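Asker: Given next are the chains, with one letter for each unit.
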Amino acid sequence: MTKIKKTNEIFSFSAALFIFGLLVILIIMMYPGRENFQLDLLFPWSNIIVKGWIITIIVSIISLVISIILGFLLYLLSKSKILVFKYLGTIFGEVVFGSPLVVFLIVIYYFIGTPINQYLGLSSTPINRLIIGTIALSLYMAPYMKNVFQGAMESIDDMQYQAMTVFGFTTYQKYRYIIIPQLLKILIPPLAGNLTFIVKGSSLLNFIGVPELYNQITTAQSNTYAVVEGYLVMFVMYLIITIPLIRITTYFEKKVSAWS
Amino acid sequence: MELKLKNVCKKYDDKDILIDINAHIKDRSAIAIIGPSGAGKSTLLRLLSLIETPDCGRICVNDNHLSEISPEEYYKKIGFVFQTHTLFPHLTVLRNITLILEKVHNKTVVEAKKIALDLLEHFELTEHIHKRAGQLSGGQSQRVSIVRSLAISPEVLFLDEPTSSLDPVLTQEVLKTIIKLKLDNMNFVIVTHEILFAKKAADYIIFMEEGRIVEMGDVSILDDPKTWELKQFLSNVFLW
Ligand SMILES: Nc1ncnc2c1ncn2[C@@H]1O[C@H](COP(=O)(O)OP(=O)(O)OP(=O)(O)O)[C@@H](O)[C@H]1O
Ligand SMILES: [Mg+2]
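Top line first, the protein sequences correspond to chains Y and R. First residue of the first sequence: 36, per the numbering used here; consecutive thereafter. First residue of the second sequence: 1150, per the numbering used here; consecutive thereafter.
Just so you know, the hints here were simulated from the structure itself, not pulled from any lab data. Bear in mind the structure is a predicted one, so any value in this text is a computation, not a measurement. Some hints could be false.
[Stated by the list, open to error] Taking lysine-lysine and the PhoX-like style, the derived pairs with C-alpha atoms no more than 25 Å apart in a straight line are:
no.: 1; chain 1: R; residue 1: 1380; chain 2: R; residue 2: 1349
no.: 2; chain 1: Y; residue 1: 289; chain 2: R; residue 2: 1280
no.: 3; chain 1: Y; residue 1: 209; chain 2: R; residue 2: 1280
no.: 4; chain 1: R; residue 1: 1263; chain 2: Y; residue 2: 209
no.: 5; chain 1: Y; residue 1: 209; chain 2: R; residue 2: 1225
no.: 6; chain 1: R; residue 1: 1280; chain 2: Y; residue 2: 41
no.: 7; chain 1: R; residue 1: 1262; chain 2: Y; residue 2: 209
no.: 8; chain 1: Y; residue 1: 209; chain 2: R; residue 2: 1226
[Said to hold, decoys possible] Per the computed footprint, the stretches of chain R lying under chain Y, defined by three or more beta-carbons under 8 Å from a beta-carbon of chain Y, are:
no.: 9; region: 1237-1245
no.: 10; region: 1281-1288
[Said to hold, decoys possible] Negatives, chain Y to chain R, calculated, CB over 12 Å:
no.: 11; residue: 48
no.: 12; residue: 64
no.: 13; residue: 66
no.: 14; residue: 83
no.: 15; residue: 84
no.: 16; residue: 228
no.: 17; residue: 258
no.: 18; residue: 273
Glycine is no exception: its CB is placed at the ideal position from the N, C-alpha and C atoms.
Let the sequences and hints guide you as you build the complete structure.
Answerer: In structure tokens form, the structure reads like this:
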């Protein structure tokens, strides 16, 4: 029974993939400038493009880590008995949710990053922009991460805590065997989802001159005039990162939803 | 088991929930607490299991003086089954049981597994050992909850309306499990709305109303109530 279902699933998925493939071929065949389509123009720039791709990955992972930490702090703020702290978090969250990422990045860069640079007497090197950009991206993601933590904590119901106590678990054992294992599994899908969001969002760091994938491809494009080819490569290189992440997300989502 | 309650009282926010509870019950293994909603049945059970402490009075369960024993120590000797099942959703049925045996009761992996498997077989749950709570029916989950509490061989098992969240068919399934406890001579105290079941499963009845014990005695009091309140309560129950 399940085997038939599985085979059917694989077949349908391959079919869908095939249809998409046909669509892509069709689009290329119909594309007006296809005679001038010269992917090889970009080959000499592949080093730089791959470097940009790696920077995109690194920036995303670092932003993920920082925003998880910031998000957890925001979560703690939201639980704070001191109302000022709580509202500080609320206001920051609303500002973030209310602003487009690209605007937020630019504002942070020009109004906070650049003045700090000037006070410290630093010049705006690519590394410097990369650091500011990563921090700005992390700040932007922090309220989203806060929501992730909130959702995860709420999903462990009160009765379980009571039961753990009456079974005689120590506080350490409760966290070690019951709470953290559940949290980890509950957290994986939204965290992977947010990582996808970060990867996509990191392309906007281009606007403050961070040498990530988008930025590097732009450089290659302006040197080779292979504009269309550049965008196509960019498209594929983002998908190579994001599609596995999306698959991880749905895989673990299914697993976790089987609990309840 | 032996239960001793002396001048026990409990307040929530200055509201009297339990008022001067006195009882001395000896040599009974199955006690049912009945009474209308809000009578304080759950509160009494929570005091007996040391989930909460009384505001006055003394409670003894067997040799345990609840004001002297540490909760951690006492929890290792008792079991508690809540209204809804409290299985840990990320663990299998088997692991739900063995985890407690291994980590809290210091059993070896082999011992824990043997205890769990024997009990699950005894309660006809063997086919479910590798499932998680999400894959079980409400009745099955609650039965596993009961088995999990039994696994540590508690002196007393406390059950707070274990069937109140279940439909009638699943309720029967869980009640059968509890009847089996009775046949095994397990000591238990159960809060229940199922009067017919209490008649079958319990040998001692405590009837509560508005924070007091109004009547208690052997199960025969259900057929021959002495107080007007219990008569009234039973006649309402059997109306349906
Ligand atoms: N944690 C609490 N805080 C405040 N009041 C409470 C609390 N727990 C119970 N009460 C109150 O104590 C009274 C007795 O509650 P209890 O749960 O013991 O009743 P019960 O007999 O178990 O009722 P039911 O059959 O509905 O479960 C109720 O009026 C309830 O509102
Ligand atoms: Mg109750």
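Asker: Against this structure, judge whether each hint is valid.
Answerer: Okay, the hints, checked on the actual structure:
no.	hint	result
1	1380/R with 1349/R	holds, 19 Å
2	289/Y with 1280/R	holds, 16 Å
3	209/Y with 1280/R	holds, 22 Å
4	1263/R with 209/Y	holds, 24 Å
5	209/Y with 1225/R	holds, 15 Å
6	1280/R with 41/Y	holds, 21 Å
7	1262/R with 209/Y	holds, 21 Å
8	209/Y with 1226/R	holds, 19 Å
9	1237-1245	holds (count 3)
10	1281-1288	holds (count 4)
11	48	holds, 26 Å
12	64	holds, 49 Å
13	66	holds, 49 Å
14	83	holds, 46 Å
15	84	holds, 42 Å
16	228	holds, 20 Å
17	258	holds, 53 Å
18	273	holds, 33 Å
Checked against the numbered hints listed earlier, the structure breaks none of them; every hint is satisfied.
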